[in-house]
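Sequence lines, in order, name chains P and W.
For what it's worth, this note's numbering labels the leading residue of the first sequence as 99, then goes sequentially.
For what it's worth, this note's numbering labels the leading residue of the second sequence as 99, then goes sequentially.
A portion of the hints provided could be inaccurate.
You can't tell identical chains apart in this list, so a pair holds if it fits in one copy or across any two.
[Stated by the list, open to error] No more than 30 Å apart at the CA atoms, straight line, and that leaves these computed lysine-lysine pairs for BS3-like:
1. Lys-280 <-> Lys-368
2. Lys-442 <-> Lys-178
3. Lys-402 <-> Lys-178
4. Lys-280 <-> Lys-336
5. Lys-280 <-> Lys-178
6. Lys-421 <-> Lys-402
7. Lys-178 <-> Lys-419
8. Lys-196 <-> Lys-442
9. Lys-178 <-> Lys-421
10. Lys-245 <-> Lys-368
11. Lys-178 <-> Lys-368
12. Lys-336 <-> Lys-419
13. Lys-245 <-> Lys-112
Derived from the structure by calculation, the hints contain no laboratory data.
2 protein chains.
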Amino acid sequence: MFTRYTPELMDDLKHRWSRLQQAVRLSGADALLVGSNVNLCYLSGRIFMGFVYLPAEGAPWFFVRRPCGLTGANVAEIRKPEQIPEILRAAGVTLPGKFLLEGDDLTFSDYTRYATLFAGAAAANGSALVRQCRTVKTPYEIQVMKKTGSRHATVVSQFASVYEPGMTDQAWSIEMFRLMLKAGSLGLFRIAGSSMEGFMGTVLAGDNGGAASPYDFALGGAGLHPSLPVGQSGTVLKDGMAVMVDIAGNFYGYLTDCTRTFAIGHLAPKACDAHQLSIDIQHAVAAAGVPGTRCEDLYTLALKMADEAGLADGFMGLAQKAKFIGHGTGLVINEQPVLGARSKDILEAGMCIALEPKFVIPGTGAVGVEDTFLVTPSGMVNLTPCAPALVIL
Amino acid sequence: MFTRYTPELMDDLKHRWSRLQQAVRLSGADALLVGSNVNLCYLSGRIFMGFVYLPAEGAPWFFVRRPCGLTGANVAEIRKPEQIPEILRAAGVTLPGKFLLEGDDLTFSDYTRYATLFAGAAAANGSALVRQCRTVKTPYEIQVMKKTGSRHATVVSQFASVYEPGMTDQAWSIEMFRLMLKAGSLGLFRIAGSSMEGFMGTVLAGDNGGAASPYDFALGGAGLHPSLPVGQSGTVLKDGMAVMVDIAGNFYGYLTDCTRTFAIGHLAPKACDAHQLSIDIQHAVAAAGVPGTRCEDLYTLALKMADEAGLADGFMGLAQKAKFIGHGTGLVINEQPVLGARSKDILEAGMCIALEPKFVIPGTGAVGVEDTFLVTPSGMVNLTPCAPALVIL
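Between the sequences and the hints, there should be enough to build the whole structure, so can you do that?
Written out as structure tokens, the structure is:
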């Protein structure tokens, strides 16, 4: 393993390998070969260009194409993946008869190339298995999520300080992005799925809160340009507008999600009610979210509360509605599970879930809150605690 | 086609379709089905979630999953790709016997799903074909690249104004990112290849200029965290250090590349010489870069100039050297062609190429320049013109 890791991280990595190895054995495979950035980071504690080879039993191997100079036990420099079998064989490792590759993460070209690396071996898609393992955070990951959430919430509580009357959503977003970076955010918004992309987060002012986007976020926004149609649209912030700020935290490679809503002057009473209802729904879902709960039931609970309040119309969007009120987060902003209709997922202790019941009120904009929660035996604990009320600017 | 496009963009899209259709016919396929964000943007002028179906002859079709509300001729809303054949059939379109998919861009799972959409049809990898078409920019794209390069260069010339003595590379980078965003940059750093990622750009101070990174950039930098090991490392800027600033411009969906080097006080003579040599190499390559030139020859020319000056040691890195001195740029920062060893590419008029001969001088840091050039019949024209000399801070 790469040198200079703390004992805590080393122990945690062993925990991750062991849990994933159990899943590999259950799948009937002899090994997992990982090549995507996010899963490499999960299994090695850092990004490198190369592969982790995790046998169903025994120690993992780290095959590094770049950077040069990484050393440690079971670390081998390679120029190309075709060198892997010979290195393993020379080390006395039995080559797999069946192995897993990341079919949902690797390109078709890469997958088909890697699938023939081990002569005579069968390759199968192991992406879901790794994704599933990553849903329950390890002790080290939970500490990182807590630290990230805490720093994230601190920055969110400073957002109002960089607002100036007459700004556009874009101008304000730039000052908030700067605060995040000054607090140590790495900036990069890692997201799973080749159709998904974004830059740090979104600021949705007024009716732009209801604009439909190509991306599968809770809310969209038209964006500034057709090449990135999401988020702030250059809207001048005016009296009576709600402004929803949803900027991700990424301080140590793990992402937390936190949304707060700002009011330019006073909002229509319906928008204020909807905002309070969002807080109430989030509380109710968090309280109900004990291990063993069906994710679909939490979505149904939220939907029922919106419906009973007569606010179902604008719940999770207008013309285009998100079909979920929460999602896992961690190394990417959109981990499993999804708290949505038809989800088969069950909550487990150690999951980190962003809860984001949101409403769009025509003429006012998007209102609501989002926080990242840790699932514990007694319910969900907020990792991004900061005042949830509408902030009047 | 989506409504509300200017006649100029519509004409240009027709030009793109027609050029790609010719390549599809030459490949022996009956159609190309595109699903990756970047190629959707290329063929439709915007990002959406869905597909462009480009038959070898006739008008393309646009199948949209998200956002809702996109309308126009040959635009169909779909929930899933399996609806595509029936919609085409109903419109009287002959279904393909052989079709192309983006094997280098789509995940294995998506590719294998789409490969069976048309019963009995054979699927083949068309990524290289689209990538090749994209190397030569269309008239509209050239106008966008010119506008982007011009705005980019204007912001680069403001970088020194936000420097303050005693800053870290990171603190200064945040102020420069802010300038870029305030000038209208969309921020997003689009890059091809699943192993590649980054945030807006890099600021390499002192010996961090020679740090090896997992990513295949010209230079690396250690980065702030193992989860994103590239770029600024938190180095305090001190007398005698070179600071290389390489932040991408993305104002209208197309990216230009431009690097300038700043000197904190006075640099070692060798570093100043290497910087001037970088300018000289860039000029020589740009002058030699007429249509028909082999990209490998331009790399060899650069290497020879570095060698003859006795500066080959630090050329394009120290322990880990980039094997190229330039690359195409456009919708992503790393388009084809690559000006590197063993490149088989030939320059054509209309290509946009970033030329970045760079040196790392131990004890001082990275020096050199990068600009984005348009290949014209009389050589390469700089699209990011701003003073190339070392800026002494």
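Each hint, compared with the structure:
1. Lys-280 <-> Lys-368: Neither way: Lys-280 and Lys-368 sit 36 Å apart in one copy and 34 Å across, limit 30 Å.
2. Lys-442 <-> Lys-178: between (39 Å within a copy, 20 Å between copies)
3. Lys-402 <-> Lys-178: Between. Shortest inter-copy distance 28 Å satisfies the 30 Å Cα cut-off; intra-copy 54 Å does not.
4. Lys-280 <-> Lys-336: Cα proximity of Lys-280 and Lys-336: in one copy and across copies (28 Å, 20 Å).
5. Lys-280 <-> Lys-178: Cα proximity of Lys-280 and Lys-178: none, with 39 Å in one copy and 42 Å across.
6. Lys-421 <-> Lys-402: within (14 Å within a copy, 59 Å between copies)
7. Lys-178 <-> Lys-419: between (45 Å within a copy, 17 Å between copies)
8. Lys-196 <-> Lys-442: Within one copy only: 28 Å inside, 38 Å across.
9. Lys-178 <-> Lys-421: Intra 42 Å, inter 16 Å, cutoff 30 Å: inter-copy only.
10. Lys-245 <-> Lys-368: neither (36 Å within a copy, 44 Å between copies)
11. Lys-178 <-> Lys-368: neither (60 Å within a copy, 36 Å between copies)
12. Lys-336 <-> Lys-419: Within one copy only: 25 Å inside a chain, 52 Å across chains, cut-off 30 Å.
13. Lys-245 <-> Lys-112: within (22 Å within a copy, 52 Å between copies)
The earlier numbered hints that this structure contradicts are 1, 5, 10, 11.
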